[in-house]
Each structure stands twice: as C-alpha cells, then as structure tokens.
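S.K.: Chain residues, written in single-letter form:
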Amino acid sequence: MSITTKTIAAIGLGFAMLMSTANAQDVKVGNITIHHPWIKQPIPGAVAAAYATIENTDKEDDTLLKVTVEGVAIAQIHDMKMQGDVMKMDELKDGLAIPAGKTVELKPKSFHIMLINATTSFKAGQEVKGTFTFAKAGAVDINFEVEAGKPEMGGMKMNGMKMN
Amino acid sequence: MANTKSLRMTLWTVVALCAAIFAYAYFAGGAKNLISSDFGAPFKLSATTGGEVDSASLKGAPYGLFFGFTHCPEVCPTTLNDMSVAMKELGEPAKNFHLFFITVDPDRDTQDVMRDYISNFDPRIVGLIPTDNELQKVAHDFHIYYKKVATSDGGYTMDHTATLFLFGADGKLKSTLGYDEDKTEQLAKLKKLLAG
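Going down the list, the protein sequences come from chains W and F.
Final position of the first sequence in the working numbering is 144; the numbers increase by one with none missing.
Final position of the second sequence in the working numbering is 488; the numbers increase by one with none missing.
These are computed hints drawn from the structure, not numbers from a lab.
Built from N, CA and C at the ideal position, the CB exists for glycine as well.
Mixed in with the good hints, there may be bad ones.
Stated by the list, open to error - Among the chain F residues that face chain W by a calculated CB cut under 7 Å, a handful are:
#: 1; residue: 365
#: 2; residue: 367
#: 3; residue: 408
#: 4; residue: 409
#: 5; residue: 443
#: 6; residue: 448
#: 7; residue: 451
#: 8; residue: 452
#: 9; residue: 453
#: 10; residue: 472
#: 11; residue: 476
#: 12; residue: 478
#: 13; residue: 480
What the hints assert, rightly or not - Cβ pair distances, simulated, as ranges:
#: 14; chain 1: W; residue 1: 62; chain 2: F; residue 2: 300; range: 38 to 46 Å
#: 15; chain 1: F; residue 1: 444; chain 2: W; residue 2: 63; range: 47 to 55 Å
#: 16; chain 1: F; residue 1: 483; chain 2: W; residue 2: 104; range: 26 to 34 Å
#: 17; chain 1: F; residue 1: 344; chain 2: W; residue 2: 118; range: 55 to 63 Å
#: 18; chain 1: F; residue 1: 415; chain 2: W; residue 2: 90; range: 26 to 34 Å
#: 19; chain 1: W; residue 1: 101; chain 2: F; residue 2: 404; range: 17 to 25 Å
#: 20; chain 1: F; residue 1: 382; chain 2: W; residue 2: 25; range: 21 to 29 Å
#: 21; chain 1: F; residue 1: 402; chain 2: W; residue 2: 41; range: 43 to 51 Å
#: 22; chain 1: F; residue 1: 402; chain 2: W; residue 2: 72; range: 39 to 47 Å
Unchecked claim - Straight-line alpha carbon distances no greater than 16 Å define the calculated EDC-like cross-link-like pairs of lysine to aspartate or glutamate that follow:
#: 23; chain 1: W; residue 1: 89; chain 2: F; residue 2: 374
#: 24; chain 1: W; residue 1: 46; chain 2: F; residue 2: 445
#: 25; chain 1: W; residue 1: 68; chain 2: F; residue 2: 472
#: 26; chain 1: W; residue 1: 89; chain 2: F; residue 2: 474
#: 27; chain 1: F; residue 1: 439; chain 2: F; residue 2: 451
#: 28; chain 1: F; residue 1: 439; chain 2: W; residue 2: 65
#: 29; chain 1: F; residue 1: 481; chain 2: F; residue 2: 381
#: 30; chain 1: W; residue 1: 89; chain 2: F; residue 2: 472
Based on the sequences and whatever the hints tell you, model everything.
M.R.: Okay, structure coming up:
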C-alpha cells in the first residue's frame, strides 16, 4: 500500500470519526464513554423516555447523578423491572451506579430516563441536546437522537455500532 | 434441662404452625387462580367511547382486559401498540375482538386524557375510567396490584400488574398475555382465543 493510499485512508478515518461525533454518537468524559444516546419517539401525548449505553473504563465506580434534556422540565433516572406480573418503577434518587470496568445499558424494559413535562414533541430524526452529570467524571453535553420503532427492535441495532 | 426441652417444643410448635398457615395460604390462593371460570367479576365502567361499558353486554365476542395508566412511558404504550399490530395481523377473526384498557390512575386519567391517549391505537381498544371506589373493586376482582410511587418532583408514577387477560365469548377467562412473553406465543394464544 502506497503512502498516499494510507494518508487518504487516515484522512477518511479522521472524517468518519468527526462525522460520528457530530452525529449524536459516542461521547467521552473522563473514563466514561456514552454510546448511542437516544429518545424513543413517544405516541402523541404520552411520556417519552431517553436511553444510552454507559461504559466505565475506570478502576473506580462512578454514578450517573443527573440528566437534563432540552425542552423537558424534569428528567428522572428510573429503574423499571418486572416482579412477577407487576411492573415496578423506581426513581433512582441517588443516581445510577456505573461500576468500574462495567457497561450499563439504559434501554426499554430497564433503566431509563423519564422525560416529564416536555414542552416539545419528539419526532424521529430530531436531535435533542442534553447533559449527563457523573459523580466522578463530571458533566458532559449529549446529543440525543429521536428514534421511532418498536421497543423490541430497540434503535440499538440501527447504528451498526459494537457494544461491549 | 426441662426448661430447654419445653422451649424447644414450643419453638417447634410455632414452626409447624407457621408451615401449616403458609401451606394453607399457598394452596388456597393457588387453587383460586386455577379456576379460570371464577376469575373476575361483572363490571360497569365509564368508557372513552361515551357512556358505560357493561361486562354483561360483552358476551358473544372474545375480549381482553389490561390495566395501566397514560403517564406510563413503557409497558402501557408498548402493550397497546403491540395489540394494535396483532389485531391487524389477525385480520377477519379479530373483527369483533375488543381490548379494554382500564386506568389505575383515575386522578390524572380523566375522560379527555384517556380519549386522546386511546386515539393513538386501534379503534377496537377502548379506555375505561373507574372512580376510585370502582377501581378498588375491579382491581380486587381481577387480582390487580397497583400502587402510587412518589417521585422527587412531587409527582408520582404507578406500579401495576402488567398482565393482559383474555376472555372468551362466554365471558370466562381463557388465557393471559405476560409483558415479557414471546410475541409469537402471544399471537398463538390470541389465534386460539379467536378460534373459540
């Protein structure tokens, strides 16, 4: 492979990386990486929820303390689980633990960010700004992408991104 | 020594009693759930279609019952959406099938709120709005757990049973759909219900 091809490949890769940051993709803060922040397009009038995959490569535990989403009065971190036939929702008032070396997935039927009193209606394709604040890694700006689709399909596969 | 022995005897008696009570509660409760024909009770509730829905008038076509609330970001819209899709997929046999969505949050789910919400789904899905007293009764009759859970903003969310009950044209419980249940299995159960 000639040097020119390598250079072009490198430039191409650089562009691809730039594109991916601009496209509501991975965001890094300290040793925390946030993959695929997204908001599920709610049915009109219903409550929306936001999701992301959070990876902690640190040797110490961290905690997602606070989330803000533009156009939303209150963004609460919730845990949803099935206990037998009962759907239980708990607000994680002390935040969501992101253990050292672990990846925590916020996804339908599990941890999620409930968006209360939204003044905007989220439409698929729309980008929504927000922030995540971690106890250790600090605050970081996030671009959520609104995705339609059924929760079972999850927009997870859409990006062709590898989740570790 | 005698004291220790009598204490031991007493303790064993307590253990045996507890076991007996537990066994009774377990089997009595379990047996109740197994007799499907006895499940539920008649109801008459205010409906999003106007007027009231009387369970007595439902006989003649199979129907489903599902309890939830409109401020629910997850289980309720997913279930209602899945059911809308399933009903279309089932075609002609599902023509007369109805799904009743009973709110466990009548404080917030007024007639207008429910009507707007329900309009997002298949027209065969009808919202039912009980009063507080009616809710207590219908939830008890259908073994529904519901509980308000306070959130830090002064609001609340609700825990609730997410099982969907399927009744036959004779008004008797035929089967249930669980939230975590496989979609193919759910569809098979619906097909069986509609086939009578």
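S.K.: Hint by hint, say whether it matches the structure.
M.R.: Going down the list of hints, with the structure as the test:
no., hint, verdict
1, 365, "holds (4 Å)"
2, 367, "holds (5 Å)"
3, 408, "holds (5 Å)"
4, 409, "holds (6 Å)"
5, 443, "holds (5 Å)"
6, 448, "violated (10 Å)"
7, 451, "holds (5 Å)"
8, 452, "holds (6 Å)"
9, 453, "holds (5 Å)"
10, 472, "holds (6 Å)"
11, 476, "violated (12 Å)"
12, 478, "violated (12 Å)"
13, 480, "violated (17 Å)"
14, W:62 - F:300: 38 to 46 Å, "holds (42 Å)"
15, F:444 - W:63: 47 to 55 Å, "violated (22 Å)"
16, F:483 - W:104: 26 to 34 Å, "holds (32 Å)"
17, F:344 - W:118: 55 to 63 Å, "holds (56 Å)"
18, F:415 - W:90: 26 to 34 Å, "holds (32 Å)"
19, W:101 - F:404: 17 to 25 Å, "holds (18 Å)"
20, F:382 - W:25: 21 to 29 Å, "holds (27 Å)"
21, F:402 - W:41: 43 to 51 Å, "holds (44 Å)"
22, F:402 - W:72: 39 to 47 Å, "violated (30 Å)"
23, W:89 - F:374, "holds (15 Å)"
24, W:46 - F:445, "holds (13 Å)"
25, W:68 - F:472, "holds (13 Å)"
26, W:89 - F:474, "holds (14 Å)"
27, F:439 - F:451, "holds (5 Å)"
28, F:439 - W:65, "holds (14 Å)"
29, F:481 - F:381, "holds (14 Å)"
30, W:89 - F:472, "holds (9 Å)"
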